[in-house]
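Asker: Chain by chain, the residues run as shown.
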Amino acid sequence: MKLSYFPGCTLKNHAKNFEDSALCALKTLDVTVQELERWNCCGTVFSLTTDDLIHHIAPVRNLIRTKQQGSDKLMTLCAMCFNTLKRSNERVKANQEDLDIINDFMYREEIKYEGDVEVLHLLEILKNDIKFETLAQKVSKPLKDLKVASYYGCYLVRPEEIAFDDAENPVIMDELMEVLGATAIDFPFKVECCGAYQTVDKPGVVADRTNQILTSAKKQGAELVVVSCPLCAFNLDHRQKETVAKFPEFKSMPVMYFTQLLAIALGCPEESLRLDLHYIDPKPILQEKGFI
Amino acid sequence: MRTNLSRRKLRDPFVTKVEELSGQNLLVCYQCGKCSAGCPAVDEMDILPNQIIRFAQLGLKEELLASKAIWVCASCMTCNVRCPKGINIAEVIEAIRQILLRQRKDHVKVEELKPSERGDVPPIALISNFRKFTS
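Residue numbers (my numbering), protein chains in the order written: chain A, 1004 to 1295; chain B, 476 to 610.
Keep in mind the hints are simulated off the structure, nothing from the lab. Treat the numbers as computed from the prediction; the structure is a model and nothing was measured. Backbone N, C-alpha and C define an ideal beta-carbon position, used for all residues, glycine too. Accuracy of the hints is not assured; some may be wrong.
What the hints assert, rightly or not - Now the in silico label distances, taken between C-beta atoms and shown as ranges:
hint : chain 1 : residue 1 : chain 2 : residue 2 : range
1    : A       : 1055      : B       : 488       : 17 to 27 Å
2    : A       : 1204      : B       : 508       : 35 to 45 Å
3    : A       : 1072      : B       : 518       : 42 to 52 Å
4    : B       : 485       : A       : 1189      : 40 to 50 Å
5    : B       : 518       : A       : 1145      : 51 to 61 Å
6    : B       : 500       : A       : 1055      : 18 to 28 Å
7    : A       : 1293      : B       : 580       : 34 to 44 Å
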């Protein structure tokens, strides 16, 4: 299958560790992805009001770009891009009138969008297309003795119409961690919202959630937490500074992208992990286990 | 708190607008409270999610438009997936925010954010914040 890739606003800067590790892992797996030549920001959040069509223009334009490079599958890494692109896609596929208005608005585009692109997240590609069994055979550095809690957050699993796993009890990332040789740690806050964009004007709210989420993961025995969203990553990792200030008893812990652990297990070089972009340094735990 | 109910309030165009923008039938709600029980933001809310629906049914426009709760909701969709009546509560709250934002009543004033507040956070945080909290 020809797979197009949509990076989104944060994967070229703050979340370069997410992109570099994912692309290195895919290369090791012999999966070719082609970044969209002219992508634009998806808008980050799906527009929830019935009459607001203008905010579906950006997602749909990316779907047109996908078709223009001869592909009918668009891979995302960021959970928010996945959610926004997929929900807009589903909305226009189910409402021909909306799609006509949107196509008409973009009348200068060479082609019309016809609802014929599939929006996918890397996690479902790993499970359904590459297959976990095949992936298991390619693991060259198993993540032995590493206890990992998978944090799913909101937009991979909600709403149910676009989710590729259970909304209340997703397990796909836990399964992946087991395939990579790690020990998956279940914990009750894995789908609890991290506070998302409240981080800009109400960082105190995010500190409360980070305290609750990470303390729970730690209590269950996790040594680190993996995520699939640059906003969750920022809130759970970088906002630990505010969390410690608000809760002096809070014990910090490293937060990584699932793709960084995937890249380690597949033998990718340390440069592809971009460990310099973390607030809580994951190097000590990775060195202790002999992974880097 | 003293709350006055009236036929006038029940028939306020505000109620129709909330239903229209959210695409939800407010009267479907039977106040089981499951949305509020699972909401991660209730600690910060002055009016709980189930109360927001009740207030909207009754046309308590002023209370809703002045509430802090509508800006604490991060549209995490937990209430939506748990509602036994299939109401999209997050969409109702979005509709109330939109009624204010469409009158240019921004919740976040971009020009008042400190350089550190703007500069330290990733683009994904700023874009989503401005999409939700500014007109």
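Asker: Against the structure, test the hints numbered earlier, and report the numbers of the ones violated in rising order.
Answerer: Of the numbered hints, 2, 5, 7 do not hold.
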